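Enquirer: Each chain, letter by letter, is given below.
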Amino acid sequence: MNIRLSPALRTLLPHRLLALGAVLALMLSACVTQGHLEPTGGTLRHEGQAVVLLMPPDVELSELTVGGLVEPNAEWTAQGLSNVNQALADRMRRRKAAMIPYDAPVGDAGRAHDHQQIMKLHRAVGVSIIQHKYFEPLVLPTKKDVFDWGLGPDVQMLREEYNAQYALFVYLRDSYSSPGRVAMMVAMTVFGYGMPGGAQTGFASLVDLGSGEVVWFNLLLRTTGDLRSPEPAREAIDALLAGFPL
Amino acid sequence: MRRLGSVALLVLACSGCATVGPVEDIQPGERPSLETDEAGLWMYMDRMETALATSGRVVTDPALNAYVRDIVCRLSPDYCRDIRIYIVRTPHFNATMAPNGFMQVWTGLMLRATNEAQLAYVIGHEIGHFQRRHSIQRWRDARNKTDFAAVFQVAAAAAGAGYAGSLASLAAIASILSFSRDQEREADDVGFTTMANAGYDPEQAPRIWEALLEERDASDKPEQVVFFATHPSTEERIGTLREQAQALIAKGAPRDAGAEKYKRIVGPFRDEWLRDEFRKREYAETEVVMNRLLAEERQNGDVLFMKGEFYRIRDESGDEDRAIEAYKAALLGDGAPPETHRSLGLVFWDAGRNDEARASFAEYLRAAPDASDRKMVEAYVKELETPQ
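Those sequence lines, one after another, are chains A and B. Sequential numbering from 51 applies to the first sequence in this note's numbering. Sequential numbering from 8 applies to the second sequence in this note's numbering.
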């Protein structure tokens with residue numbers, strides 16, 4: 051009776067979340083198209099200055115152990131999240147877009163629940179986009195030449211509650227090889243074997259809170275970067291938001 | 008040959024060299040400090056919990072949740088505020104405990120327990136995992152052993168014996184699993200002591216394992232009973248628990264099983280959870296579960312109705328007659344639902360006994376005049392009345 055014991059349990063837990071890290075790591079070495087995506091012929095529809103609601107960035111920093119386990123690190127994650135928030139705020143200020151951070155409704159469990167559902171839906175949609183738009187073997191014939199993903203009109207609740215036209219969702223995973231792992235990687239290279247190290251992976255979407263449409267999407271996959279320090283975090287956000295329309 | 012020998016020795020050493028030091032029990036209200044590996048594990052499980060909390064599979068019924076919460080608090084007033092319960096609708100026997108205090112109780116477990124004491128024993132076992140910080144111990148154990156296996160792989164590669172690297176990985180996995188079984192034994196002890204101290208009938212602890220064993224023995228695919236993978240042999244557990252229980256009872260231990268209250272609060276969910284079991288299509292096991300429920304309440308028309316449903320859905324040779332027999336017994340028992348007539352009608356119809364089918368459908372419409380499927384059943388009757 052433990053948390054990692056059965057396949058049945060895994061169907062209950064948000065295994066997409068577990069799988070996603072693995073999928074992204076795999077894609078590092080696979081046939082992946084890079085570059086941001088926008089709806090076919092789609093332009094942003096807003097008047098005056100755009101207001102962007104920043105959904106809570108889903109950030110996790112981990113250490114890759116000698117044996118290849120990914121060990122989540124709470125201290126690095128707290129630091130990384132703070133750097134990511136700062137970098138996002140700076141980025142928006144530079145572009146003169148107004149950004150308001152998401153604030154969970156206090157004392158309103160129903161609303162908080164609905165917001166969580168939107169975040170879970172976004173993650174599911176994001177995973178579909180990555181699988182079927184970026185990963186060539188899985189590109190769907192009906193989606194090959196179009197980009198028409200969305201979260202549906204329920205996201206309008208966020209527009210009304212936060213008075214924003216768009217919502218920005220950010221997902222980032224960053225892992226670093228432990229010193230022992232680095233030594234191993236070097237040793238294995240000497241003997242002619244490859245051994246993967248840490249990676250920086252993630253994706254971001256901009257969602258129109260009127261239509262629910264994903265109006266911009268980008269994927270980040272690389273073996274460099276470090277969210278633990280402000281400067282590299284800023285660089286990571288610039289890379290993640292490459293081609294961002296605001 | 009000599010090389011192989013030394014390799015084997017190293018593989019063996021792998022399971023012994025990486026030991027995990029003893030860990031203090033968690034204190035009520037304690038949170039690990041941010042720089043520790045334990046904080047990383049908590050952070051990860053916090054995320055899991057947030058996702059599960061909004062899952063459609065969580066049973067939100069307030070009375071049921073309050074009941075399970077009360078059991079936790081009765082078992083462990085100290086940890087009661089640190090543990091958050093999620094009743095998860097899934098038709099398997101299990102409960103889980105995460106290091107940050109989030110506990111899952113699966114409906115398959117609640118369906119199989121026949122009284123509060125049996126559920127309390129399993130919950131006590133989960134509290135044992137929390138109290139003894141088993142998750143972080145297991146993580147450290149896995150990390151050490153996979154670290155060692157990886158170092159060994161490099162050494163093996165250097166020696167030109169790449170196959171030995173895979174052997175080391177296997178040894179590491181086996182060793183990690185055996186560590187997990189030791190933890191289960193420890194949690195068993197805590198679970199038993201906790202439930203007995205709280206005044207629950209100690210004899211109920213082995214009962215829940217006996218039930219599980221009976222299911223496994225009936226199963227066509229015993230390996231599919233997910234529970235057995237990481238747990239010590241059930242026979243061993245039953246033996247130990249029986250002895251412990253007898254010793255306590257001889258000393259005049261309280262014998263509260265809480266069967267009546269359990270039936271009152273959990274009973275209303277039984278049919279729904281049984282139908283979840285049917286959907287697994289693992290009928291041999293489900294039949295055992297159902298017969299246990301029937302043994303508790305032989306005259307219960309509702310359970311007899313579900314027995315009929317079981318045979319109607321399984322639909323193997325002879326099941327038509329078994330279903331008809333069960334439905335008829337249900338109608339003679341107490342509290343058979345009106346749907347008994349409808350199901351009886353469907354089985355009669357299938358068997359070509361059209362007059363009886365028509366009569367049963369008519370009886371259903373009399374017993375449930377406002378049924379939402381009235382129009383559909385009326386159409387059945389009409390079809391049965393039309394000469395072929």
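Treat the hints as calculated values from the structure; they're not laboratory data. Given the structure is predicted, the values throughout are model-derived calculations rather than measurements. Don't take every hint at face value.
What the hints assert, rightly or not - Every beta carbon over 10 Å from chain B, so not counted as near; a handful from chain A, in silico:
id : residue
1  : 89
2  : 104
3  : 110
4  : 119
5  : 121
6  : 122
7  : 124
8  : 125
9  : 132
10 : 178
11 : 187
12 : 230
13 : 243
14 : 247
15 : 288
To be verified - Covered stretches of chain B (in silico footprint by chain A; criterion: 3 or more residues with CB under 8 Å from a CB of chain A, positions within the stretch not fixed):
id : region
16 : 57–63
17 : 148–156
18 : 250–262
Think of the CB as a built atom: it goes at the ideal place given N, C-alpha and C, for glycine as much as any other residue.
Enquirer: Please flag the earlier hints that this structure goes against, numbers listed from lowest up.
Expert: Of the numbered hints given earlier, those the structure breaks are 3, 4, 5, 6, 7, 8, 12, 13 and 18, listed in rising order.
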